[in-house]
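Just so you know, the protein sequences line up as chains R and E, in that order. Per my numbering, the very first residue in the first sequence carries number 1; after that it's consecutive. Per my numbering, the very first residue in the second sequence carries number 229; after that it's consecutive.
If you're looking for bench data, these hints aren't it; they were derived computationally from the structure. Here the structure is a predicted model, which means the values were calculated and not measured. Treat the hints loosely; a few may be bogus.
Straight-line distance between alpha carbons at most 30 Å, and here's what the computed BS3-like set of lysine-lysine pairs gives [claimed, not checked]:
id	chain 1	residue 1	chain 2	residue 2
1	R	Lys219	E	Lys418
2	R	Lys160	E	Lys418
3	R	Lys116	R	Lys219
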Amino acid sequence: MDRSYFDRLDVDGALAESLQRTGLSRAAFLAAALGGSTALLGGLTTEAAGAQGDDLPSNDVFILNYALVLEYLQAAFYTEAERMGALRDKTARAAQVVGSVERAHVEAFKEVLGRKAVKRPTFDFQGATENPKAFLKTAVAFEDLAVAAYKGQATRIKSKPALMAALAIHSVEARHAAWMRYLFGVNPARSAFDQPQSRPEVTRVVRSTNFITGPPSTKAERSPRYMG
Amino acid sequence: MSPACRVARARPVAAQAGVGAAVGLAAVLLWPVLESSPRQKVLPPPAASVLDVPPPERLGRDHHVSVWSTVRRPARARSAPESGAPVVARVEDRTPEGTDNTLLILDRTHDARGRVWVRARLPALPSGSTGWLPRAAIGGYRLVRTHLVVDLDRRSATLLRNGHPVVRAHVGVGQPRWPTPRGRFYIRNKLVRYRSSFYGPLAFGTSARSRVLTDWPGGGFVGIHGTDRPDLIPGQISHGCIRMRNHDITRLGGLMPVGTPLTIR
């Protein structure tokens with residue numbers, strides 16, 4: 001996996017580690033993941049084979065990248081929670097399972113989008129991964145948001161394989177939302193009809209968390225003032 | 229026999245009693261499922277998930293992984309994870325070189341109010357000191373798998389990745405009157421494209437500080453940099469900085485990320 005160092009470490013590092021330990025190559029992992037759900041990108045990868053995103057309508061590339069950012073966010077959140085080790089029992093188990101799925105979503109989107117995939121942002125969860133209550137509260141918010149976001153894009157996706165992929169992931173996010181709600185002690189299914197959320201609405205919510213940050217500025221083009 | 233099996237076997241009896249052939253048929257259809265899955269009382273187990281990859285390595289279990297972060301806002305580092313504990317240093321959010329200030333994170337805990345505190349190695353005197361800061365004062369966590377070890381007696385530097393050496397180089401170290409401090413530090417920033425042949429093509433800033441040259445501009449920080457006098461390496465030649473031949477510092481520049489722990493022994 002020839003990624004930059006921080007790509008490997010901060011988020012997808014967890015996946016890379018996992019792959020190393022399981023002895024799976026990235027391609028084999030994706031094949032397994034996609035083979036497990038033909039709807040989940042199965043058709044999409046067939047269509048996009050070789051081109052990696054080039055054959056997708058630009059509208060769908062835009063939407064899949066939007067989904068990829070949400071998946072980056074979730075994968076980073078669960079991965080950091082696992083790494084911190086502040087969770088216990090059922091919550092820890094849920095974070096492990098959901099985290100592995102979110103990382104798989106990231107990998108699948110990146111594979112489909114190829115060179116058109118947006119780069120992973122940097123994150124600062126401000127301690128939400130280090131306190132069980134804060135973790136669950138944030139997880140419920142993330143999962144509810146993801147469900148609403150996927151639903152909000154369903155009618156906008158033009159290609160059928162992309163729509164199938166989005167739907168396949170949407171239902172998984174709904175399961176996650178119910179799981180996290182149950183663990184947090186709130187009603188897993190509070191209403192008969194879920195409402196979609198538009199991209200601007202979702203973006204506003206994500207931005208309000210300040211969880212997505214710019215990369216740290218640790219490099220400068222200035223003369224050293226070290227002692228020499 | 230499990231309760232579920234008992235229920236399932238009771239169904240045909242109910243059917244004989246006239247509840248309906250459909251119930252009996254359902255029991256017959258469910259029978260193999262219930263028999264084959266004693267732990268799942270009603271439903272068959274889900275298919276094994278192809279996505280069930282192992283979790284990421286938990287921090288603290290892998291000795292080769294270190295955590296660093298940036299300072300989000302100026303803060304006081306304290307001797308204990310409590311608001312009233314003595315202040316050991318004030319930590320700025322920028323370095324003298326204008327980069328984000330960084331800290332090496334060593335530990336975490338919660339106080340009585342549930343607030344998270346982190347113990348960090350500080351770029352403060354005495355060199356190598358540590359202190360506790362509220363989690364809210366720092367940014368996101370970042371990980372490194374590298375570690376630079378400088379041996380002053382052997383005049384050598386070794387970069388380790390996952391515990392394995394990837395770069396070895398001779399170095400110049402501080403003269404006896406301006407000794408390079410020994411201890412545990414970290415790489416704080418990286419400077420490039422400056423016009424100074426004295427420092428070579430690139431320089432790393434560290435959290436180590438001279439005990440002697442405390443009035444040096446910028447605070448007397450130890451740098452790791454190139455040189456215009458490669459003929460003096462290895463040797464005790466510097467004001468406390470660690471000098472490398474330019475091809476060695478260039479190699480290090482491509483392999484050593486900011487946040488890398490630094491041990492000078």
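task = Hint by hint, work out which the structure violates, then give me just those numbers in ascending order.
result = 2
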